[in-house]
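Asks: What follows is each chain in one-letter form.
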Amino acid sequence: DQQVKQNSPSLSVQEGRISILNCDYTNSMFDYFLWYKKYPAEGPTFLISISSIKDKNEDGRFTVFLNKSAKHLSLHIVPSQPGDSAVYFCAASVTGNQFYFGTGTSLTVIP
Amino acid sequence: EAGVVQSPRYKIIEKKQPVAFWCNPISGHNTLYWYRQNLGQGPELLIRYENEEAVDDSQLPKDRFSAERLKGVDSTLKIQPAELGDSAVYLCASSFSPGGEAFFGQGTRLTVV
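Going down the list, the sequences are from chains A and B. Numbering of the first sequence is given in our numbering, commencing with residue 666 and proceeding in unit increments. Numbering of the second sequence is given in our numbering, commencing with residue -13 and proceeding in unit increments.
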């Protein structure tokens, strides 16, 4: 049973515009969430995280929003750059326990 | 600072043969994870170590998979015998503390033919 879902397998965005990647989860006990970015033939790279005590965390061009009531989080990338083209995974955990990953969204930023 | 190092990067074996993967985590990281990632899927946890103790191996197929982390540093993951369905990317990751953000190695792509 998939506890973390990324329902959009792919997303294309024009350079300079906003990219919004979405993630839903089913386990209301999850309290820590991360986004990873993965280039081909490389391992996932940590991007940004958010704890359930917050509803927003920002790091440069990347912002993660958490809506606990909807069990939904999203990653915003503004402005999008061609180098952002990669597969993005969201992951969730109950603090101190294993992370459950979504199936990923492949982002293509068109120059 | 060196990242998580895995070897080999690629491995092709015939079914029923054994295979082993090696992982060297980031220095000082006590938590080590082995994940398996199938095509089009996210990573799925196989086993998690805190130092040399396996604290979560509930998803490790113990009939054919084994892992060890002697001295709480390097780790090996073994499959014996391998099956066609074991073809996947095997990822090792480490974190400073339990549940902290994990840093991944480049992975080992296993193909069983």
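Any given hint could be a false lead.
Just a few of them, taken from the derived set where beta-carbon distance is under 8 Å, the chain A residues facing chain B [unchecked claim]:
(1) Leu699
(2) Tyr704
(3) Pro705
(4) Glu707
(5) Pro709
Short derived list, chain B residues pointing at chain A, Cβ under 8 Å [stated by the list, open to error]:
(6) Pro4
(7) Val5
(8) Ala6
(9) Gln27
(10) Gly28
(11) Leu70
(12) Ala74
(13) Pro84
(14) Gly85
(15) Phe90
(16) Gln92
Treat the hints as calculated values from the structure; they're not laboratory data. Note that the coordinates shown come from a computational prediction; the quantities given were computed from them, not determined experimentally. Using N, Cα and C, we set each Cβ at its ideal position, and we do this for glycine too.
Asks: What are the numbers of the hints the structure violates, in ascending order?
Replies: Those not satisfied are hints 2, 3, 6, 7, 8, 11 and 12.
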